[in-house]
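Number of protein chains: 2
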Amino acid sequence: MIKHHAIGIDLGGTNLRVGLVSEGGSIVEKIKVPSLEGIEEPLLHAISEVFTDDVAAIGIGVAGLINRERTAVDVSPNLPSIEGVKIVDEVRSKFGVPVVIENDANVAAVGEKWTGAGRDFKNFVLLTLGTGIGGGVIHDGMLMDVSAELGHMSIIANGVKCSCGNYGCLESYASARAILGYAVTALEHASQSILKELYQGNIYKLTPEDIYKAALEGDNLSRDVLREAGKYLGVGISNCINIFSPEAVILGGGLIGAWNIYIKEAIREASKRTFKKLFDSIQIIPSSLGDNAGIMGAAYLALHSGDE
Amino acid sequence: MIKHHAIGIDLGGTNLRVGLVSEGGSIVEKIKVPSLEGIEEPLLHAISEVFTDDVAAIGIGVAGLINRERTAVDVSPNLPSIEGVKIVDEVRSKFGVPVVIENDANVAAVGEKWTGAGRDFKNFVLLTLGTGIGGGVIHDGMLMDVSAELGHMSIIANGVKCSCGNYGCLESYASARAILGYAVTALEHASQSILKELYQGNIYKLTPEDIYKAALEGDNLSRDVLREAGKYLGVGISNCINIFSPEAVILGGGLIGAWNIYIKEAIREASKRTFKKLFDSIQIIPSSLGDNAGIMGAAYLALHSGDE
Chain A
1 MIKHHAIGID LGGTNLRVGL VSEGGSIVEK IKVPSLEGIE EPLLHAISEV
51 FTDDVAAIGI GVAGLINRER TAVDVSPNLP SIEGVKIVDE VRSKFGVPVV
101 IENDANVAAV GEKWTGAGRD FKNFVLLTLG TGIGGGVIHD GMLMDVSAEL
151 GHMSIIANGV KCSCGNYGCL ESYASARAIL GYAVTALEHA SQSILKELYQ
201 GNIYKLTPED IYKAALEGDN LSRDVLREAG KYLGVGISNC INIFSPEAVI
251 LGGGLIGAWN IYIKEAIREA SKRTFKKLFD SIQIIPSSLG DNAGIMGAAY
301 LALHSGDE
Chain B
1001 MIKHHAIGID LGGTNLRVGL VSEGGSIVEK IKVPSLEGIE EPLLHAISEV
1051 FTDDVAAIGI GVAGLINRER TAVDVSPNLP SIEGVKIVDE VRSKFGVPVV
1101 IENDANVAAV GEKWTGAGRD FKNFVLLTLG TGIGGGVIHD GMLMDVSAEL
1151 GHMSIIANGV KCSCGNYGCL ESYASARAIL GYAVTALEHA SQSILKELYQ
1201 GNIYKLTPED IYKAALEGDN LSRDVLREAG KYLGVGISNC INIFSPEAVI
1251 LGGGLIGAWN IYIKEAIREA SKRTFKKLFD SIQIIPSSLG DNAGIMGAAY
1301 LALHSGDE
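Here the protein sequences line up with chains A and B, keeping their order. Just so we're aligned: 78 in my numbering is position 78 of the first sequence, and the numbers increase by one with no gaps anywhere. Start counting at 1 in the second sequence, then tack on 1000, and there's your number in my numbering.
Extracted from the complex, chain A is given alone in its bound form (with noise of 0.2 Å):
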């Protein structure tokens, strides 16, 4: 019997999303499980929720870097609990079809390159901008199975010290975690803000939303963060173009809904940059799939997973 659909997993970050996916690249079921305790357990009931007779595959996205018997994760500096659990193999013992891993910002730009907003080039980078900052490349139609950390790459060679173990990375920065912290450092000197106005005055409890949304009001502390994170995120988008020369940067996670300051920022500070050349000739876009890219991306790799 040939089998249609696939699942797609995606352990980005503290959410777990799982979907069953068509091979035409519809998503029929989905189920998000917030604030993950533990993770073996509730990946394993998620995915007997949505699991049928007509899975053919199995695919995870998982957020740090995967082993080189692809079987489980080596090192995730976001989600600790993962690193050395044999994922892969509990999966398939369970469910009796392959299982294939993947980094999830690698699966992300899988699904983009499939059904999204990279579905029309042969080579873009994907940069997914949330607490961390991930990235998947699409090099000649396919996805480049490097590690491509990109979040991880250190465009301040003396900056501050990263849970990698590396110094001045693109993602201590960039990234909502920078952006969090550019504002409370901002806060604790400032006299005026909206920000100060909120959760009674808890700057802890602030979220990027919350600082986009005062940007928006004209709170100029909130735009001077967001412009500064902004920036760097210009230094790393210009770094990749650089050095692949891709057709598109997509800009997928959660801050591109900051997109008219902090991604404009961004994109400026890219221009200003990088090879001219190279520049002229690049879409700077937002992810098409948002959250459902990894679910998609997954499920196409495990799709396809006894091609080669």
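Treat the hints as calculated values from the structure; they're not laboratory data. Please note that the accuracy of each hint is not assured.
What the hints assert, rightly or not - In the BS3-like style, the derived pairs of lysine-lysine whose C-alpha atoms are separated by at most 27 Å in a straight line are:
id	chain 1	residue 1	chain 2	residue 2
1	A	K86	B	K1276
2	B	K1276	A	K161
3	A	K277	B	K1161
4	B	K1086	B	K1030
5	B	K1272	A	K161
6	A	K161	B	K1277
7	A	K277	A	K231
8	A	K161	B	K1161
9	A	K231	B	K1231
10	B	K1086	A	K276
11	A	K161	B	K1264
12	B	K1264	B	K1277
13	B	K1161	A	K264
14	A	K277	B	K1086
15	B	K1272	B	K1122
16	B	K1213	B	K1196
17	A	K264	A	K122
18	A	K231	B	K1161
19	B	K1205	B	K1264
20	B	K1003	B	K1094
21	B	K1003	B	K1030
22	A	K205	A	K276
23	B	K1231	A	K161
24	B	K1231	B	K1196
25	A	K272	B	K1161
26	A	K86	B	K1277
27	B	K1161	A	K276
28	B	K1122	A	K122
Since chain A is already given, all that's left is putting chain B on it; use the hints.
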């Protein structure tokens, strides 16, 4: 008649190197034209000196960004006189064989893959360390046809302006030009250094070789200068490993002569920064083709230009 040779040309720096190469990977004849004045004239002349009826095609490796049509060089910060010259058309019309053009560091990577230090690797990054810093990436056994301007990756976001337009480029902190810059600055303020005794004290005549030699003789200023550049090279190498997770980083160019101080410092710095799992499985090794890498790679691309 099936032809068994190609001409490989390396227009990477101030020298022009032209070689007649067999399909088996041997250099039959080689010409080096130092200190180029003009480019087209000496280039066409040098080709005619080694051209035979058995030449199937000609490959040209040249410093800079190749245009999308693969006919000329769009931008070349280190060889501006080549920009816009219709070099492919001119060579093709004069010699009547197919002509291919590619970036010089990309071509050197192909050379190392064909018969050099990269022979046994499917995935490696090549960095050419000279006046500037170039990059080439071999992925899945093949040249990645991207800009790979690894020397123009910003590693100090707010650093010095580079001739490419970017700020804080790796090349500005770790190349031969950077080493000479560090040395001159240090000597202007230093009281003691072997380097002051050379060229009747004209520190602007110093070469990287002088500095390495002095360093080996125990000159502290020279050691510090090489270590400084090596440290930044390590940042660049670390970024390359975190992005490409290669099996090897191969280092070529004149500066690898300073291996024991400059490169060793770079390896030490990279070891501190890179994802441990990636660093543990990597080799950082010198080019084995040296000056011939460009000729070899350009000839290889010429011999295989009809393969696609």
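TODO: Assess, step by step, whether the Cα of K1231 of chain B is no farther than 27 Å from the Cα of K161 of chain A, and give holds or violated.
DONE: holds, 16 Å
Open item on the list: Tell me if the straight-line CA distance from K205 of chain A to K276 of chain A falls inside 27 Å.
Closed with: violated, 41 Å
Task: Straight-line alpha-carbon gap K1161 of chain B to K276 of chain A, limit 27 Å - done: holds, 15 Å
Open item on the list: Tell me if the straight-line CA distance from K231 of chain A to K1231 of chain B falls inside 27 Å.
Closed with: holds, 25 Å
Open item on the list: Check the hint pairing K1086 of chain B with K1030 of chain B against an upper bound of 27 Å on the C-alpha distance.
Closed with: Satisfied, since the Cα-Cα distance of roughly 24 Å is no more than 27 Å.
Open item on the list: Between the alpha carbons of K86 of chain A and K1276 of chain B, is the straight-line distance 27 Å or under?
Closed with: holds, 20 Å
TODO: Decide if the proposed pair is consistent with the structure: K161 of chain A and K1277 of chain B, CA atoms, cutoff 27 Å inclusive.
DONE: holds, 18 Å
Open item on the list: Please verify whether K1122 of chain B and K122 of chain A have alpha carbons no more than 27 Å apart.
Closed with: Measuring from Cα to Cα gives roughly 22 Å; hence the hint holds.
Open item on the list: Check the hint pairing K161 of chain A with K1161 of chain B against an upper bound of 27 Å on the C-alpha distance.
Closed with: Holds, at roughly 25 Å.
Task: 27 Å Cα cutoff - pair K1231 of chain B, K1196 of chain B - done: Given that 27 Å is the threshold and the Cα spacing comes to 24 Å, the pair holds.
Task: 27 Å Cα cutoff - pair K1272 of chain B, K1122 of chain B - done: holds, 25 Å
Task: 27 Å Cα cutoff - pair K1272 of chain B, K161 of chain A - done: holds, 11 Å
Consistency note: the structure conflicts with earlier hint 22 alone.
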